[in-house]
Amino acid sequence: MKQFTYTITDPVGIHARPAGLLVKAAKALDSAITIEKAGGKSAPATKLMALMGLGVKSGDTVTVTAEGGSEEASLAAMERFFQENL
Amino acid sequence: MQVATGKSILNGIAIGPLRIYKKTEIQTCQNSTLTPAEEWERFDAARRKAQEQLAGLYDKALDEVGEENAAIFEIHQMMLDDDDYLDAVKAIIDTQNTTAEYAVTTTGDNFSATFAAMEDEYMRARAADVKDISRRVADILTGQQDAGMDGGRPAILVADDLTPSETVQLDKSKLLGFITRHGSSNSHTAILARTMNIPALIGVDFDDSWDGRLAVLDGYNHCVYIDPAQELLATMEEKRKSDLKQESLLQNLKKKPNITLDGKEIKVYANIGNASDVGLVLQNDAQGIGLFRSEFIYLESENYPTEDQQFALYKRVVETMAGKKVIIRTLDIGADKQAAYFNLDKEENPALGYRAIRICLTRKEVFKQQLRAILRASAFGTVSIMFPMIISVREVRDAKEILAECTAELQAQGTAIGKVEVGIMIETPAAVMLADELAQEVDFFSLGTNDLTQYTLAIDRQNPKLDNFYDPHHPAVLRMIRHTVEAGHRHGCWVGICGELGADLTLTETFLRMGLDELSVSPSAVLPLRKLIRSLDLSSAPTT
Chain E
1 MKQFTYTITD
11 PVGIHARPAG
21 LLVKAAKALD
31 SAITIEKAGG
41 KSAPATKLMA
51 LMGLGVKSGD
61 TVTVTAEGGS
71 EEASLAAMER
81 FFQENL
Chain R
1 MQVATGKSIL
11 NGIAIGPLRI
21 YKKTEIQTCQ
31 NSTLTPAEEW
41 ERFDAARRKA
51 QEQLAGLYDK
61 ALDEVGEENA
71 AIFEIHQMML
81 DDDDYLDAVK
91 AIIDTQNTTA
101 EYAVTTTGDN
111 FSATFAAMED
121 EYMRARAADV
131 KDISRRVADI
141 LTGQQDAGMD
151 GGRPAILVAD
161 DLTPSETVQL
171 DKSKLLGFIT
181 RHGSSNSHTA
191 ILARTMNIPA
201 LIGVDFDDSW
211 DGRLAVLDGY
221 NHCVYIDPAQ
231 ELLATMEEKR
241 KSDLKQESLL
251 QNLKKKPNIT
261 LDGKEIKVYA
271 NIGNASDVGL
281 VLQNDAQGIG
291 LFRSEFIYLE
301 SENYPTEDQQ
311 FALYKRVVET
321 MAGKKVIIRT
331 LDIGADKQAA
341 YFNLDKEENP
351 ALGYRAIRIC
361 LTRKEVFKQQ
371 LRAILRASAF
381 GTVSIMFPMI
391 ISVREVRDAK
401 EILAECTAEL
411 QAQGTAIGKV
421 EVGIMIETPA
431 AVMLADELAQ
441 EVDFFSLGTN
451 DLTQYTLAID
461 RQNPKLDNFY
471 DPHHPAVLRM
481 IRHTVEAGHR
491 HGCWVGICGE
501 LGADLTLTET
511 FLRMGLDELS
521 VSPSAVLPLR
531 KLIRSLDLSS
541 APTT
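So the protein sequences, as listed, match chains E and R. Here our numbering is used: the first residue of the first sequence is 1, the next is one more, and so on. Here our numbering is used: the first residue of the second sequence is 1, the next is one more, and so on.
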């Protein structure tokens with residue numbers, strides 16, 4: 001299991017469009033990706049409604065975890081995704 | 001006359017009868033006579049059909065309102081693929097032996113309640129999206145079609161709420177405007193209405209007696225007049241006509257090249273001062289953004305905006321423009337534009353003072369932050385960088401050197417960067433005199449005619465006493481422009497104007513004859529300018 005933390009800079013947070021893109025990106029990976037919001041709530045990155053339900057806002061810190069498969073590559077892809085989109 | 005107020009989401013006027021739209025209640029049988037497996041089959045077939053419809057709506061929206069706004073229908077498709085959502089539908093069918101339409105409606109209500117209970121206003125607005133997709137599937141299952149929406153004469157639609165898909169499906173020729181009781185200015189419906197140029201008011205408390213009565217929806221003043229007085233009606237008709245003129249101009253010019261009768265082409269771009277102005281650029285069909293004043297990011301913050309914050313904003317603009325050129329002018333602060341945290345000294349002559357590139361070249365870290373953000377955004381479209389207030393070749397070289405440093409740093413980190421054109425503002429007499437040398441350093445020039453006029457004529461434009469002496473068409477200024485164009489072209493540099501003079505229709509012919517390659521004007525000036533360009537014939541004798 002590998003993880004990184006990231007602070008959201010997008011002014012609206014993980015809103016519909018980036019959440020949709022995130023699901024697409026996460027589905028393309030061979031690891032199970034989980035997004036955890038500081039405070040405990042978490043959701044699999046492949047589930048759109050659950051992700052949006054986290055209500056992650058600008059300035060919130062999330063922990064992204066990759067489990068199984070090529071964890072390192074998956075996490076690197078996720079890190080790039082967060083930097084570019086969120 | 002009765003007046004009701006709400007929150008306007010588009011500055012526009014609609015005049016016509018009101019029509020109250022009531023959604024037909026879906027008649028759903030709860031208990032199924034089929035097996036759960038058969039109901040699931042029905043649901044799955046309806047879901048696939050809904051996906052097809054949404055793909056069609058996406059294409060329609062893409063055409064009418066652009067990629068960023070159309071994305072909601074892609075999200076809708078993904079919502080219909082969501083595992084949790086599908087599991088919930090299946091669980092209801094399996095455990096309660098219900099019909100598919102009952103299961104999907106209940107699931108929609110449950111998920112939408114979850115969103116509606118969230119504290120974030122944006123997420124609360126998503127409740128409507130979940131209901132929208134559930135309703136779509138249920139309608140397919142029950143063979144329902146919403147009549148009533150488009151029927152009859154053109155009218156101002158009044159409804160409790162409208163979903164994004166209802167908004168896009170509305171027949172625009174019959175829809176004068178709409179009024180809703182619920183909804184937020186954040187909702188996709190509001191965004192779509194804005195982009196489709198439909199006057200709309202939300203948060204209006206209406207009653208059934210309004211149905212069929214004549215009304216004026218005044219989007220400029222956030223209100224609706226029911227049974228308007230004659231005088232008011234006449235004023236509003238006038239206002240509406242001038243809005244329509246603009247609109248029809250747009251329809252005639254949309255996607256047509258800006259080319260004179262004798263075949264000379266010129267680019268018409270728009271100036272923006274905020275990321276939210278991008279909608280206006282697309283609405284007015286400008287070919288690109290010729291001047292993105294980046295100062296607003298600094299003026300609106302309490303402290304230096306971070307690289308990531310800036311990147312997010314630039315990226316949004318660049319993505320929305322979808323490959324069309326976006327020229328970002330680097331920080332032009334100082335003089336009349338002040339941000340407290342810069343701690344700039346008070347100056348005797350701020351217009352001649354510590355401002356723009358002069359600040360950037362001495363506060364290199366601030367400058368680099370912005371350049372890195374712009375470079376990162378360049379991977380998402382077509383970006384150009386423009387330096388303001390240049391007076392010497394050395395400044396351009398220094399700025400380019402810092403830019404090269406940022407490029408190298410980003411590349412070393414493996415960050416993607418697009419191909420970026422570099423240009424400068426020509427807004428000082430010094431830059432005009434040195435145009436030949438400067439042109440060898442950059443890809444383009446953009447004439448900032450406001451400052452250039454002020455510096456050339458030594459006239460402070462803020463001082464009303466000087467109005468008699470001020471001539472925007474002063475021959476000295478026009479000669480400066482001509483000199484700049486000729487020098488730029490000698491060295492393969494394209495030359496444009498991004499100052500107010502660019503929108504001066506009495507000079508358009510002169511500019512075309514001078515050989516300017518681009519004019520960048522405020523979004524509302526784009527269409528009148530394009531219309532004029534297409535009517536000019538430079539092969540005949542000059543008219544001025």
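Among these hints, one or two may not hold up.
Distance windows between CB atoms, simulated [claimed, not checked]:
1. PHE4/E to LEU299/R: 27 to 35 Å
2. SER42/E to ALA45/R: 40 to 48 Å
3. PRO44/E to LEU352/R: 45 to 53 Å
4. GLY68/E to GLN251/R: 26 to 34 Å
5. GLY40/E to LEU299/R: 53 to 61 Å
6. PRO44/E to ASN343/R: 27 to 35 Å
7. GLU52/R to GLY68/E: 28 to 36 Å
8. GLU79/E to SER392/R: 53 to 61 Å
9. SER58/E to SER248/R: 35 to 43 Å
10. ALA322/R to GLY59/E: 43 to 51 Å
11. THR306/R to ALA28/E: 47 to 55 Å
Calculated from the structure, these hints are not laboratory results. From a predicted model like this one, the values you see are computed outputs, not experimental measurements. Heads up, the beta-carbon is just placed ideally off N, CA and C, and yes, glycines get one too.
State the violated hints by number, sorted upward, taking the hints as numbered earlier in the document. 2, 3, 4, 5, 6, 8, 10 and 11
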